[in-house]
Amino acid sequence: MSVSKLFAATPLHHRRAAIVVGASSGIGAALTRKLANEGYTVAAVARRADLLEALCAEINATHGETRAIAYPHDVTRYDSVPAALQKIVQDLGGLDLFIYNTGIQHHVKVDEFDFEKDRAMLETNLLGALAWLNPVAAMFHHIRAGHIVGISSVAGDRGRVGAPAYNTSKAALTTYLESLRNRLTRRGVTVTTIKPGFVETDILRSAPKKNFFWLINPNQAAEGIWKAIKARKQTAYVPAQWGLLMLIIRHIPSFIFRRLSF
Amino acid sequence: MTTSTLPYERLTYLENFGHSLRAASYLYKPTTTEQISEIFKFAKQNGLTITLRGAGRSYNDAALNGGGIVLDIQDMNRILEWNPETGLIKAEPGVTLQKLWQHVLPDGWWPPVVSGTMYTTLGGCLGMNIHGKNNYKMGTIGEHVVEFTALLPTGAEVTCSPNHNGDLFYSIISGMGMLGVFTSITMQMKKVHSGLLNVHAFPARNLREQLNAIAESAPVNDYTVGWLDSTAGGSGLGRGQLHTAKYLHEGEDPDPKKTMQVNYQTLPATLFGVFPKSIIHFFMAPFMINPGVWLVNTAKYVASLREGHYKQSHAAFHFLLDYVPNWEKAYGRDGLIQYQSFVPKETAEAAWTELLRLSHKRGMPSYLGVTKRHRPDKFLLSHAVDGFSLALDFKVTNGSRAKMRVMLHDFDRIVLEAGGRFYFAKNSETTPETALRFLGQETVERFKALKRRTDPHNILESDLFRRVFGSL
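Note that the protein sequences, when read in sequence, are chains F and Z. If you read the first sequence in the numbering used here, its first letter stands for residue 1, the second for the next number, and so on. If you read the second sequence in the numbering used here, its first letter stands for residue 263, the second for the next number, and so on.
Calculated from the structure, these hints are not laboratory results. Since this is a predicted model, take the numbers as computed values, not measurements. Hints are not guaranteed to be accurate.
As a list, the in silico DSBU-like pairs of lysine-lysine whose alpha-carbon atoms are at most 30 Å apart [to be verified]:
{"#": "1", "chain 1": "F", "residue 1": "Lys87", "chain 2": "Z", "residue 2": "Lys306"}
{"#": "2", "chain 1": "F", "residue 1": "Lys227", "chain 2": "Z", "residue 2": "Lys665"}
{"#": "3", "chain 1": "Z", "residue 1": "Lys710", "chain 2": "F", "residue 2": "Lys87"}
{"#": "4", "chain 1": "Z", "residue 1": "Lys291", "chain 2": "F", "residue 2": "Lys230"}
{"#": "5", "chain 1": "F", "residue 1": "Lys230", "chain 2": "Z", "residue 2": "Lys665"}
{"#": "6", "chain 1": "F", "residue 1": "Lys87", "chain 2": "Z", "residue 2": "Lys291"}
{"#": "7", "chain 1": "F", "residue 1": "Lys87", "chain 2": "Z", "residue 2": "Lys713"}
Pair ranges (Cβ atoms, derived) [unchecked claim]:
{"#": "8", "chain 1": "Z", "residue 1": "Tyr275", "chain 2": "F", "residue 2": "Ala240", "range": "27 to 37 Å"}
{"#": "9", "chain 1": "F", "residue 1": "Arg183", "chain 2": "Z", "residue 2": "Gly496", "range": "57 to 67 Å"}
{"#": "10", "chain 1": "Z", "residue 1": "Tyr275", "chain 2": "F", "residue 2": "Leu204", "range": "38 to 48 Å"}
{"#": "11", "chain 1": "Z", "residue 1": "Phe544", "chain 2": "F", "residue 2": "Asn37", "range": "39 to 49 Å"}
{"#": "12", "chain 1": "Z", "residue 1": "Asn588", "chain 2": "F", "residue 2": "Asp50", "range": "22 to 32 Å"}
{"#": "13", "chain 1": "Z", "residue 1": "Ser540", "chain 2": "F", "residue 2": "Gly188", "range": "25 to 35 Å"}
{"#": "14", "chain 1": "F", "residue 1": "Gln234", "chain 2": "Z", "residue 2": "Tyr275", "range": "16 to 26 Å"}
{"#": "15", "chain 1": "F", "residue 1": "Glu178", "chain 2": "Z", "residue 2": "Tyr275", "range": "23 to 33 Å"}
Quick reminder that beta carbons are idealized off the backbone N, C-alpha and C, glycines included.
Only chain F is shown next, with the shape it has when bound in the complex (with noise of 0.2 Å):
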């Protein structure tokens, strides 16, 4: 790809631009599409080359100029990472918005104890998301500005008997933005903490059970998270009606949860 064909930033004329980290499928590819009719030029990362490069053609042929890059990238080579972003916020000539929405699920058992398929999600989740976040907050905290953004889940907020592990990586990923925003808001930096509930993607496709409720696809999803990073949300859940839900289910007491079932 030739970097010059993007338009150049001009007093004008400004250019926003982001990255997405996990901008194949689902959410993180419905998130490009919207940034991109939002006007910003978009670094579109993920593992899946061919699904990156059909997304960005996609989108630069809509807008009939460049506002989506693929930027091949495996989030589980964490040391990959600082090279790639420095390559990337030059192409990009800067980065207003990062989003990591990188998120896989091993669906296990009840009775299943797999320490493999756990690490793979906690790497993937939490550690990619670390080794992406580190240096993107480090050059945010040095400009004194930007706007991370991490997409969670309404499964992190309690441990559920079907995702322990799932519900673990979601929840640290929660309270590692959480600390994130504590640490940057003094420098100007906003941190918005996305849970979305029930969205129709890989992850829901793959699920043994079917029972679910609020169930949005990801452009609706997409949208929701659009509204949060306008509004400079600290936290949004997507949709809304999740927050009320999980306020409840948060204080459900320990001795009643531990007999549920879901």
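Assemble the complex: chain F is given as a structure, and chain Z must be docked to it using the hints.
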């Protein structure tokens, strides 16, 4: 090849002079050629780009490199040799015009070409090949460079003069810092016999009168500059005030030793003896709206109707932009941009009448207009024509960006049709198509060929370069 990353603590938001654009870059301030060499190597290894930055006084994106490296050369600011007998000076690129004139004036010399501010660096001045209020007579600053040395991204250090490496001489000067970095500059100063100039100020009632007055004054004056009331319409369109100045002859100044002292030249720090100038821009800000500027300009024009003959120091006459410190901040949060066009003398009046009318019709009048007389020069990316220039400052507001952009593209069309040119230190919206049209295919090809020769890995790139030349 392993890639390494630059330290995040070097990331700094840098702005253009008008505070209308900013970009974060890894900022380096080298003091030696070896350090620049190292940074070139690092950039090449890691696929990063470098932009050279002097004092950051360009109105556009010339010294910005979002996400890349910015080499600020201001700490390379030694005067290496000075010969008060011949007026030859050798200096590093970070030496400002302020340091330069203060060094040479007590010995009876003055820089032959200066910009409207003295805070610019020699490196920046040569990269953009600046002109002054005497462009029609003395040409651009590059015409007074006897020799320079430059470090190329290839690692080679070259010495250039009009007769030696002439192709590089005429392209690195004017080359926007895209071909190499100056490491030393030798220039010829101009002999003066006083620290004062004989100044004549007189009004012009409309654009035709203004351009005629400049054309007639220029041949018999050392400096000529016009202020244009860009808010006035109707029969007063293009009205304003001219300032012409002449050097004093030998013997005309009874005490040249005194007037050539730096202290004698220095601009006062207070207005009317009491009012600190450093805070004036706060008081200007409320007037920076269309009716406010109309009021100020009208008052200024009425005051200019009284003709004046007086003596003024070089610094006071030349460095008008420094008279009110940080005046550009009065333009508010979104800053300002400048649109400067250089139009042949035959077509200037018609083209600028159209420009000024258009700006009034669309409700986006310029707040400041300045006119000058020019002559063509031999440098590769030249902005000059045998004609005039009109610089128009515009306030940027969040709501007006899109329509102002459309207006400036209309301006480009009018100026191009009139055979005009543009200046890469000023206009921020020049498109590749516009640049190609005024520079011509041959010039662009020559520039690209030189770029491939001096910088085969495209290490030197600025936001300006990418915007205009990226797709050419």
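Status of each hint after checking the structure:
1. Lys87(F) - Lys306(Z): 13 Å, holds
2. Lys227(F) - Lys665(Z): Holds. Lys227(F) to Lys665(Z) sits at ~27 Å (cutoff 30 Å).
3. Lys710(Z) - Lys87(F): 24 Å, holds
4. Lys291(Z) - Lys230(F): Cα-Cα ~37 Å, so violated.
5. Lys230(F) - Lys665(Z): 24 Å, holds
6. Lys87(F) - Lys291(Z): Status holds; Cα separation ~22 Å.
7. Lys87(F) - Lys713(Z): Holds, at roughly 22 Å.
8. Tyr275(Z) - Ala240(F): 27 to 37 Å: 35 Å, holds
9. Arg183(F) - Gly496(Z): 57 to 67 Å: Distance hint for Arg183(F), Gly496(Z) holds at roughly 60 Å.
10. Tyr275(Z) - Leu204(F): 38 to 48 Å: 42 Å, holds
11. Phe544(Z) - Asn37(F): 39 to 49 Å: 40 Å, holds
12. Asn588(Z) - Asp50(F): 22 to 32 Å: 53 Å, violated
13. Ser540(Z) - Gly188(F): 25 to 35 Å: 26 Å, holds
14. Gln234(F) - Tyr275(Z): 16 to 26 Å: 24 Å, holds
15. Glu178(F) - Tyr275(Z): 23 to 33 Å: About 27 Å separates the Cβ atoms of Glu178(F) and Tyr275(Z), which means 23 to 33 Å holds.
Hints 4, 12, counting from the list given before, are not met by this structure.
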